[in-house]
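Protein chains: 2
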Amino acid sequence: MIDYRRLRIALLGAGAVGSQVARLLIEQRAELADRAGADLELIGIAVRNLDAPRDVDLPKELYTTDAESLIHGADIVVELIGGIEPARSLILESINSGADIVTANKALLATHGSEIYDAAEQVGASVSYEAAVAGAIPIIRPLRDSLAGDRVTRITGIVNGTTNYILDRMDSEGADFAEVLADAQRLGYAEADPTADVEAYDAAQKAAILASLAFHTTVPLDSVHREGITSIDAAMIESARHAGFVIKLVAVTELLQNDGHDAISVRVYPALVPRTHPLASVHGANNAVFVEAEAAGPLMFYGAGAGGVQTASAVLGDIVSAARRHIAGGVGTGESTRANLPILEIGAVTTRYQITLEVTDQPGVLATVAGILSDGGVSVATVEQTVVDGAGTARLVIGTHTAREEDLSSTAQRLAASDVVTRVASVLRVEGE
Amino acid sequence: MIDYRRLRIALLGAGAVGSQVARLLIEQRAELADRAGADLELIGIAVRNLDAPRDVDLPKELYTTDAESLIHGADIVVELIGGIEPARSLILESINSGADIVTANKALLATHGSEIYDAAEQVGASVSYEAAVAGAIPIIRPLRDSLAGDRVTRITGIVNGTTNYILDRMDSEGADFAEVLADAQRLGYAEADPTADVEAYDAAQKAAILASLAFHTTVPLDSVHREGITSIDAAMIESARHAGFVIKLVAVTELLQNDGHDAISVRVYPALVPRTHPLASVHGANNAVFVEAEAAGPLMFYGAGAGGVQTASAVLGDIVSAARRHIAGGVGTGESTRANLPILEIGAVTTRYQITLEVTDQPGVLATVAGILSDGGVSVATVEQTVVDGAGTARLVIGTHTAREEDLSSTAQRLAASDVVTRVASVLRVEGE
Chain G
0 MIDYRRLRIA
10 LLGAGAVGSQ
20 VARLLIEQRA
30 ELADRAGADL
40 ELIGIAVRNL
50 DAPRDVDLPK
60 ELYTTDAESL
70 IHGADIVVEL
80 IGGIEPARSL
90 ILESINSGAD
100 IVTANKALLA
110 THGSEIYDAA
120 EQVGASVSYE
130 AAVAGAIPII
140 RPLRDSLAGD
150 RVTRITGIVN
160 GTTNYILDRM
170 DSEGADFAEV
180 LADAQRLGYA
190 EADPTADVEA
200 YDAAQKAAIL
210 ASLAFHTTVP
220 LDSVHREGIT
230 SIDAAMIESA
240 RHAGFVIKLV
250 AVTELLQNDG
260 HDAISVRVYP
270 ALVPRTHPLA
280 SVHGANNAVF
290 VEAEAAGPLM
300 FYGAGAGGVQ
310 TASAVLGDIV
320 SAARRHIAGG
330 VGTGESTRAN
340 LPILEIGAVT
350 TRYQITLEVT
360 DQPGVLATVA
370 GILSDGGVSV
380 ATVEQTVVDG
390 AGTARLVIGT
400 HTAREEDLSS
410 TAQRLAASDV
420 VTRVASVLRV
430 EGE
Chain B
0 MIDYRRLRIA
10 LLGAGAVGSQ
20 VARLLIEQRA
30 ELADRAGADL
40 ELIGIAVRNL
50 DAPRDVDLPK
60 ELYTTDAESL
70 IHGADIVVEL
80 IGGIEPARSL
90 ILESINSGAD
100 IVTANKALLA
110 THGSEIYDAA
120 EQVGASVSYE
130 AAVAGAIPII
140 RPLRDSLAGD
150 RVTRITGIVN
160 GTTNYILDRM
170 DSEGADFAEV
180 LADAQRLGYA
190 EADPTADVEA
200 YDAAQKAAIL
210 ASLAFHTTVP
220 LDSVHREGIT
230 SIDAAMIESA
240 RHAGFVIKLV
250 AVTELLQNDG
260 HDAISVRVYP
270 ALVPRTHPLA
280 SVHGANNAVF
290 VEAEAAGPLM
300 FYGAGAGGVQ
310 TASAVLGDIV
320 SAARRHIAGG
330 VGTGESTRAN
340 LPILEIGAVT
350 TRYQITLEVT
360 DQPGVLATVA
370 GILSDGGVSV
380 ATVEQTVVDG
390 AGTARLVIGT
400 HTAREEDLSS
410 TAQRLAASDV
420 VTRVASVLRV
430 EGE
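Which chain is which? The protein sequence lines are G and B, in order.
In terms of numbering that gives the first Met the number 0, the first sequence has 52 at position 53, counting the first letter as 1, and numbering is strictly consecutive.
In terms of numbering that gives the first Met the number 0, the second sequence has 143 at position 144, counting the first letter as 1, and numbering is strictly consecutive.
Hints may be right or wrong, so weigh each one.
[As the list claims (entries may be wrong)] Pairwise CB distance ranges (calculated):
hint: 1; chain 1: B; residue 1: ALA338; chain 2: G; residue 2: GLY173; range: 45 to 53 Å
hint: 2; chain 1: G; residue 1: GLU172; chain 2: B; residue 2: GLY283; range: 45 to 53 Å
hint: 3; chain 1: G; residue 1: THR349; chain 2: B; residue 2: PRO273; range: 34 to 42 Å
[Unchecked claim] Chain G residues, not near chain B, derived (Cβ > 12 Å throughout):
hint: 4; residue: LEU255
hint: 5; residue: THR350
hint: 6; residue: GLY370
[To be verified] Far from chain B, some chain G residues (derived; all Cβ distances over 12 Å):
hint: 7; residue: LEU23
hint: 8; residue: ASP149
hint: 9; residue: TYR200
Read the hints as simulated data drawn from the structure, not as lab findings.
For every residue, glycine included, the Cβ atom is placed at its ideal position computed from N, Cα and C.
Given these sequences and hints, build the entire structure.
Set out below in structure tokens:
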């Protein structure tokens with residue numbers, strides 16, 4: 000038995016992920032010591048309520064409500080409380096008392112990341128957050144380290160398991176949103192209040208973190224364009240299928256040219272993904288991140304996006320890495336936000352679109368619609384017209400060539416105002432072509 | 000402009016990968032400095048012949064035939080010569096003169112890895128080799144760092160692009176091996192001497208590296224069971240398709256129990272992969288590594304497995320990481336080979352098998368064959384009998400339950416010796432169920 004140097008690990012939070020991290024730290028202590036080159040001693044778990052029921056049976060004496068005392072004297076502080084406060088204050092205090100930080104807190108990093116990275120850089124502490132995006136899937140480290148010598152041009156990610164589960168079941172069963180959501184809630188795939196998932200707040204936070212890392216730019220959360228999946232219905236999914244697409248909630252961040260200078264776009268919305276694209280075959284609550292880089296070409300990272308023990312795997316990887324760094328000496332490497340590219344509004348983004356219109360079924364309608372599109376600078380690639388009912392209504396599904404979002408958006412408004420258009424049933428972007 | 004500390008990079012080799020690494024180091028010097036926090040100065044490129052034609056136009060004064068002088072005074076030595084010598088000696092000399100090492104040399108690491116890691120550990124140098132396995136795909140770092148706190152149970156990888164290209168075309172076109180190989184050679188996907196690829200020597204080296212990393216065990220190359228794809232013919236591919244499989248050359252390493260103790264198996268062979276498995280949809284010359292870990296569950300890493308500029312991406316990621324470590328201070332972290340699990344012979348491995356026999360078409364044959372299987376301890380799951388021709392020959396395709404390789408192997412010999420069996424057409428393992 001090697002006599003390893005002991006490192007003190009303080010754990011903040013004992014929820015689904017925290018309790019698994021604690022269990023694995025205790026159960027695999029000898030094995031982790033061999034991996035880390037250091038004996039990782041769990042010195043305590045800070046919780047709000049000592050008597051709350053726990054998923055995992057851990058030694059009672061580890062629990063404390065005094066997080067402040069716990070973090071002083073810790074070498075590595077693992078923050079799994081979630082939310083902004085008290086997580087933010089505890090992390091900043093831990094950094095100042097000399098600890099390295101491991102966190103899975105996407106909400107905090109997406110809103111106060113710069114503050115935390117700056118504080119860490121000043122004292123040479125490391126901040127690791129592999130578990131904050133796409134659960135168990137290693138994506139932060141590949142972006143931060145493996146692709147550090149390459150130029151990422153685009154990331155297209157399925158980073159929210161709940162919405163992928165819902166959309167995947169809608170796609171495979173032809174079911175409607177409300178029906179699948181209720182089922183997902185019953186099965187534990189969706190929260191009682193599903194807003195954070197279905198309105199894409201969760202995915203937007205992850206998009207901000209990915210974009211910031213990939214483009215070395217501070218990405219404020221409110222610069223992420225966000226649309227949820229609540230308006231997606233069975234008809235839209237069926238229409239997408241007919242055209243060779245599947246609807247996925249995608250987080251997209253890409254490098255663009257704006258007036259001859261580099262800029263980026265960060266956006267989250269349900270989009271049409273070609274069925275031949277690797278992201279189309281991501282089923283259930285799984286996550287996948289598709290990365291395109293100048294030299295490496297396309298890469299995909301696939302796996303479980305959530306789950307207590309799965310996410311704990313990513314947290315433990317960060318703990319072992321932080322421990323190795325501690326033993327090796329030297330300072331932590333901070334985030335590189337040196338490029339600080341401008342972040343474009345959604346209006347400046349170009350994609351292809353699929354516009355579905357309900358129109359009056361009479362001669363000349365197509366010509367009118369085509370005229371509005373052409374006047375708006377939107378070029379048509381495909382049109383399919385189907386009669387919906389006997390009451391004089393037809394459905395037009397229009398696939399556009401690449402168009403600028405602001406042009407498309409004003410054109411869609413003019414279409415909605417036109418006499419011949421009964422309803423703009425949907426406007427969906429195409430991603431992954 | 001930030002005044003970064005300068006780090007001296009020595010490049011050994013100017014082939015397809017080396018020339019791209021040199022180009023990117025020069026073209027993206029300012030950008031890489033921001034990423035690394037250090038100015039990466041390419042001080043020279045060691046080549047055998049100064050007058051050899053080059054893929055990329057680089058300043059003539061960078062080339063030298065004096066590798067020994069070049070490495071002295073380098074902070075980071077990037078070895079892209081390939082092969083054992085002089086690569087091994089130059090790397091050891093570089094380590095002893097205080098440099099960090101970046102290499103893509105799978106042959107060297109699979110045979111002399113321990114020697115190199117030990118030498119590096121003694122002086123606190125780092126050895127990075129992301130490009131040695133699966134080209135641009137980040138797999139070494141995820142295994143070494145992201146999954147460091149988890150227990151990998153199995154890796155199934157498509158790690159050789161040439162053989163995947165050949166098998167994929169055989170599968171999609173119904174073509175025969177020799178025909179596709181000739182075409183692959185014409186198109187540059189296969190070498191004039193294709194032995195290293197089609198006999199799976201290349202994949203075996205990568206399997207040894209992956210197994211060593213995943214199981215913290217030194218894996219000698221000769222402990223890797225290796226079978227190539229030259230015996231795969233159109234009939235086998237067609238028969239696999241009929242049963243819902245695709246034939247892929249897979250590198251498999253897994254944790255097994257042997258007499259109640261942990262052990263590992265490392266093997267490379269063409270296997271039947273269910274068409275629903277993510278590895279089945281890896282087409283062309285692409286690579287993918289499917290990793291199963293106790294906590295994280297299944298993960299997949301997908302991308303380009305070869306190509307000069309793609310592989311250069313992985314090399315540059317390693318260079319930037321090594322530079323960051325140099326700037327941060329501290330020693331490099333060596334390989335963790337502390338588990339040193341026993342490596343089992345192929346005979347101890349259990350999988351399912353598909354056995355294809357040509358038999359005489361007469362009553363009682365199936366009973367005879369079933370008797371031989373049963374006596375050999377091989378349990379039958381499915382049997383399909385088809386008449387091949389009018390000359391009294393039938394074909395039996397037998398799917399077994401999980402069997403031990405040594406039982407299966409001796410049973411296959413008894414089948415071959417049986418009067419009723421004309422020929423054992425193929426014995427293939429099933430992987431990925």
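Hint by hint, here is what the structure shows:
no.: 1; hint: B:ALA338 to G:GLY173: 45 to 53 Å; verdict: holds, 50 Å
no.: 2; hint: G:GLU172 to B:GLY283: 45 to 53 Å; verdict: violated, 33 Å
no.: 3; hint: G:THR349 to B:PRO273: 34 to 42 Å; verdict: holds, 40 Å
no.: 4; hint: LEU255; verdict: holds, 17 Å
no.: 5; hint: THR350; verdict: holds, 24 Å
no.: 6; hint: GLY370; verdict: holds, 43 Å
no.: 7; hint: LEU23; verdict: violated, 7 Å
no.: 8; hint: ASP149; verdict: violated, 4 Å
no.: 9; hint: TYR200; verdict: holds, 25 Å
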